[in-house]
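Engineer: Protein chains in written order, with my numbering: chain A, 1440 to 1555; chain B, 1440 to 1555.
Derived by calculation from the structure, the hints in this document are not laboratory data.
As the structure is a computational prediction, the values presented were derived from the model and not from experiment.
Check each hint, because a few of them may be wrong.
As the list makes no split between identical chains, a pair holds if one copy fits it or if it spans any two.
Here are the simulated lysine-lysine pairs, DSBU-like style, with alpha carbons at most 30 Å apart [unchecked claim]:
1. Lys1491 / Lys1441
2. Lys1491 / Lys1469
3. Lys1469 / Lys1441
2 protein chains.
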Amino acid sequence: MKVMSYTSEEPTHMDNDQARGVAGRVAIGKNDGANHFCMRVFEVAPGGYTPKHAHDWEHEIFIHAGEGEVFGNGDWNPVMGGDVVFVPPGEEHQLRNTGETTFVFACLIPSGIPEL
Amino acid sequence: MKVMSYTSEEPTHMDNDQARGVAGRVAIGKNDGANHFCMRVFEVAPGGYTPKHAHDWEHEIFIHAGEGEVFGNGDWNPVMGGDVVFVPPGEEHQLRNTGETTFVFACLIPSGIPEL
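Bound-form chain A, shown alone (with noise of 0.2 Å):
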């Protein structure tokens, strides 16, 4: 069994043409013999945003921390600690933080695409 702080990870920095004050981490993967699917989390920093974009994969997402707002549906969508969004493969999304501290969310993915 691992137990441990998300926190513990070393971030991926993400800050670029399509996304802003992001910090990535895979917190349940391949590494640790899971096989099925991979869970990341998510910091995403007050005015920063995910990258809008679309893959044949889905999300299954829990929001953890902070306010924010999901694209999806043609409409932003606002999200707090205890939603969650299921994006089905193909629909293009987008997360962004709308508060004043960081909005955290764990984002799930199946196995077998890079994790991060």
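Start from chain A and add chain B according to the hints.
Structural biologist: Below, chain B alone, put in the same frame as chain A:
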């Protein structure tokens, strides 16, 4: 895209010889078109606990709120919001609330087994 609070789903309550004070919900599952893995969210009341058991599939757990402990590796391990737990297939495990507020965690399993 599905966006909601996990509390929007009707809970299934577990109070028996094996579990105490547990409310479980399928937040994202096969009814949403999630074909690879399933997100359940559990609330455990103060003094409550999940069953101590083992099974052939893994758990990927994200602790959201409250204070608790996870049994694994032969001992009880304290956990709080932002902690993650990977329970490999076959490993005995149990979670319990050791605090005075509701202990909340997302627990994901592969598809193809009962979702709750």
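Engineer: Within, between, both or neither: how does the pair Lys1491, Lys1469 come out at a Cα-Cα threshold of 30 Å?
Structural biologist: both (26 Å within a copy, 26 Å between copies)
Engineer: How would you classify Lys1491 and Lys1441 at a CA-CA limit of 30 Å: within, between, both, or neither?
Structural biologist: Classified as between: cross-chain Cα gap 17 Å, same-chain 32 Å, threshold 30 Å.
Engineer: Within a copy, between copies, both or neither: which one fits Lys1469 and Lys1441 at a CA-CA cutoff of 30 Å?
Structural biologist: both (13 Å within a copy, 27 Å between copies)
The structure meets every hint from the earlier list without exception.
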